[in-house]
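Trainee: The primary structure of each chain is shown beneath.
Number of protein chains: 2
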Amino acid sequence: MDAMETNLKRMGEFFSEGPTRLRPHYKNHKCVALARRQLAHGAVGITCATLGEAEALARNGIRGILLANEIAGPVAIERFVELSRITEIMVGVDNAHTVAALAAASTHARVPLHVLVDVNVGMGRCGVLPGELVLKLAQFAASKGLHVRGVLGYEGHCVRMEPGPEKVRAAHEAMDRLVRSAELLRAHGLPAPIVSGGGTGTYDISGRFPGVTEIQGGSYLLWETDYAAVCPGFEPALSLLGTVISRTGNERLILDVGLKEISGERGVPVLKNAAGARLRKLNAEHAVVDILDSNFPAQVGDQMEIWARYSDATVNLHRKMYGVRGDRVEETFLIED
Amino acid sequence: MDAMETNLKRMGEFFSEGPTRLRPHYKNHKCVALARRQLAHGAVGITCATLGEAEALARNGIRGILLANEIAGPVAIERFVELSRITEIMVGVDNAHTVAALAAASTHARVPLHVLVDVNVGMGRCGVLPGELVLKLAQFAASKGLHVRGVLGYEGHCVRMEPGPEKVRAAHEAMDRLVRSAELLRAHGLPAPIVSGGGTGTYDISGRFPGVTEIQGGSYLLWETDYAAVCPGFEPALSLLGTVISRTGNERLILDVGLKEISGERGVPVLKNAAGARLRKLNAEHAVVDILDSNFPAQVGDQMEIWARYSDATVNLHRKMYGVRGDRVEETFLIED
Chain V
1 MDAMETNLKR MGEFFSEGPT RLRPHYKNHK CVALARRQLA HGAVGITCAT LGEAEALARN
61 GIRGILLANE IAGPVAIERF VELSRITEIM VGVDNAHTVA ALAAASTHAR VPLHVLVDVN
121 VGMGRCGVLP GELVLKLAQF AASKGLHVRG VLGYEGHCVR MEPGPEKVRA AHEAMDRLVR
181 SAELLRAHGL PAPIVSGGGT GTYDISGRFP GVTEIQGGSY LLWETDYAAV CPGFEPALSL
241 LGTVISRTGN ERLILDVGLK EISGERGVPV LKNAAGARLR KLNAEHAVVD ILDSNFPAQV
301 GDQMEIWARY SDATVNLHRK MYGVRGDRVE ETFLIED
Chain U
1 MDAMETNLKR MGEFFSEGPT RLRPHYKNHK CVALARRQLA HGAVGITCAT LGEAEALARN
61 GIRGILLANE IAGPVAIERF VELSRITEIM VGVDNAHTVA ALAAASTHAR VPLHVLVDVN
121 VGMGRCGVLP GELVLKLAQF AASKGLHVRG VLGYEGHCVR MEPGPEKVRA AHEAMDRLVR
181 SAELLRAHGL PAPIVSGGGT GTYDISGRFP GVTEIQGGSY LLWETDYAAV CPGFEPALSL
241 LGTVISRTGN ERLILDVGLK EISGERGVPV LKNAAGARLR KLNAEHAVVD ILDSNFPAQV
301 GDQMEIWARY SDATVNLHRK MYGVRGDRVE ETFLIED
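Sequence order for the protein chains is V and U. Each residue of the first sequence is one higher than the one before, starting from 1 at the first, in my numbering. Each residue of the second sequence is one higher than the one before, starting from 1 at the first, in my numbering.
Some hints here could point you the wrong way.
Chain copies aren't distinguished; within one or between two, either way the pair holds.
Under the rule of at most 20 Å between Cα atoms (straight-line distance), these lysine to aspartate or glutamate pairs were calculated in the EDC-like manner [said to hold, decoys possible]:
| id | residue 1 | residue 2 |
| --- | --- | --- |
| 1 | LYS281 | ASP327 |
| 2 | LYS320 | GLU55 |
| 3 | LYS272 | GLU305 |
| 4 | LYS281 | GLU78 |
| 5 | LYS320 | ASP337 |
| 6 | LYS281 | GLU336 |
| 7 | LYS136 | GLU336 |
| 8 | LYS167 | GLU55 |
| 9 | LYS320 | GLU336 |
| 10 | LYS9 | GLU173 |
| 11 | LYS144 | ASP2 |
| 12 | LYS281 | ASP176 |
| 13 | LYS144 | ASP293 |
| 14 | LYS272 | GLU336 |
| 15 | LYS281 | ASP204 |
| 16 | LYS320 | GLU330 |
| 17 | LYS281 | GLU17 |
| 18 | LYS9 | ASP204 |
| 19 | LYS9 | ASP290 |
Simulated from the structure, these hints should not be mistaken for laboratory data.
Extracted from the complex, chain V is given alone in its bound form (with noise of 0.2 Å):
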């Protein structure tokens, strides 16, 4: 809880300072409960990256979300009409076939919908590259009736760089693409207020570049040991306990905590506290420790601690995680998607 509070207050001081805001991102943490503290610490709304994700919001009543992904298919169109009935929401678009879709959708219920341009800022993911593309699909948006609000641009392609003049440079040629996206838009009479980029990896570059209005971070809150290198300033909070169920002399010991509940998608995650012991590989259900000090006193029964690598993919292994303080559990915070 000490360190989760710490990054909370730490990013809203950051973003009460400059005239961008923040609208964190729901995916590392899907706790509800969280998201109000960010909300109640100057956050302008609530980013997700699923329709699951936009109906656990919604349906705890949170407002201003954006969905900053692109969506296709008639049930998720569907969905994404049902949420604007019962919340502020707004979603992404890249192509003229879900943005027909939606408008189709839109009119057929009559429900407005709101929607972002997703432009290609030089990660190569989804996204229209900037320029005449982004006005063409912004115009064929708002001549279909659907409200344009702007653009969103993920520097994703930036944001695990290490901290220096190189990764500054990346990041701001990505927002100048996006603002100058929402520039065209404006002088083509669409207002385009929302200009909304990247994430925790570049908060600090892409949050004081001119013209961005929000900024989408979301893994600053739980934090991980695979950003600490490139983006230094926060406090891992998110660790799993695990027990040793297995121990082997001096060589080594298992914990009862594998790949199934703590991800290695990104790597073997790193014991906390274990000078004497390292954390060697995931299987699905152990986690293999080597002793490296003969010493090292934890026996079968014992727990021990391993820090989250990648916060976001271990949080969707659960249905629930646990705010510590001291030795108290303070609060369960229920992860809901």
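Assemble chain U onto chain V, guided by the hints.
Mentor: Leaving out everything else, chain U in the frame of chain V:
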């Protein structure tokens, strides 16, 4: 459904022919309905990896459960005692600490507890080394009132070896250690009727090794592309359906399926029926598909199927699976643990 049933039948037939039986591993599918089908095809019981899985089996009336793992700590011991009240269950033991704790709990609760000594047959994870240590732990367990039913050993270092004489040699060596351990117990008056080995990758080797009484293979049922190369003879039965949410010219498609939905823990999965395209990488919520052939037809809104590369870890990301035959969903399988 067709592929799953082919696998079910094929494995059932293999084990109907020899003295060795199958106690298939629940961790592959986590579906009670599928466990029941395995029992109907001759399985002698169900193996599982966690107390949560054992509880799911027990509350659904499944008997003959082998928890093929170690447990430790008072909460785990208590859960195992409660399971032993309501079903037939055995657990692996590899240390005196847990044996003493189980024995004390058994006496206190007046519930007989059944254990197998877990033997390290060469994998180097849990388990005691073959020979005197196995005997010593079994005698200690028996002296404290636990029911020692035999031995358990997982040749996890062999299951993903390429087929061939080297694999056969390694698996035989492992099973020889296991069988000799059981014989040692019997020579000292402990009956040890159960000798439980291996996984899907060695079922046809370990499952014909004289003295092995049962095999724990699980992955054969849903199968996975990662196993196909090293253990032919089954059909891939588990796939994820993704929707194309973005297409950038003839360069790439983006699907709304990422590593939060399909495990990338053993590498990037492959597309089903997609000559002309290749899944390049998984992000949290996206699959990035390179278009290799400019005539590749998929457009935004179309669906594409991805084979599970690691079925256990993919099942672990979901709460249900759909049993599809032809174009019809025939059954919904709840994932329970």
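Trainee: Determine for every hint whether it applies to the structure shown.
Mentor: Here is what the structure says about each hint:
no.: 1; hint: LYS281 / ASP327; verdict: neither (28 Å within a copy, 41 Å between copies)
no.: 2; hint: LYS320 / GLU55; verdict: both (18 Å within a copy, 19 Å between copies)
no.: 3; hint: LYS272 / GLU305; verdict: within (5 Å within a copy, 39 Å between copies)
no.: 4; hint: LYS281 / GLU78; verdict: neither (43 Å within a copy, 29 Å between copies)
no.: 5; hint: LYS320 / ASP337; verdict: both (12 Å within a copy, 15 Å between copies)
no.: 6; hint: LYS281 / GLU336; verdict: neither (29 Å within a copy, 26 Å between copies)
no.: 7; hint: LYS136 / GLU336; verdict: neither (37 Å within a copy, 48 Å between copies)
no.: 8; hint: LYS167 / GLU55; verdict: neither (35 Å within a copy, 50 Å between copies)
no.: 9; hint: LYS320 / GLU336; verdict: both (8 Å within a copy, 16 Å between copies)
no.: 10; hint: LYS9 / GLU173; verdict: neither (29 Å within a copy, 58 Å between copies)
no.: 11; hint: LYS144 / ASP2; verdict: neither (49 Å within a copy, 45 Å between copies)
no.: 12; hint: LYS281 / ASP176; verdict: neither (42 Å within a copy, 27 Å between copies)
no.: 13; hint: LYS144 / ASP293; verdict: neither (68 Å within a copy, 33 Å between copies)
no.: 14; hint: LYS272 / GLU336; verdict: neither (27 Å within a copy, 31 Å between copies)
no.: 15; hint: LYS281 / ASP204; verdict: neither (34 Å within a copy, 28 Å between copies)
no.: 16; hint: LYS320 / GLU330; verdict: within (13 Å within a copy, 32 Å between copies)
no.: 17; hint: LYS281 / GLU17; verdict: neither (43 Å within a copy, 38 Å between copies)
no.: 18; hint: LYS9 / ASP204; verdict: within (15 Å within a copy, 59 Å between copies)
no.: 19; hint: LYS9 / ASP290; verdict: neither (37 Å within a copy, 41 Å between copies)
The structure fails to meet hints 1, 4, 6, 7, 8, 10, 11, 12, 13, 14, 15, 17, 19 from the earlier list, while all remaining hints are met.
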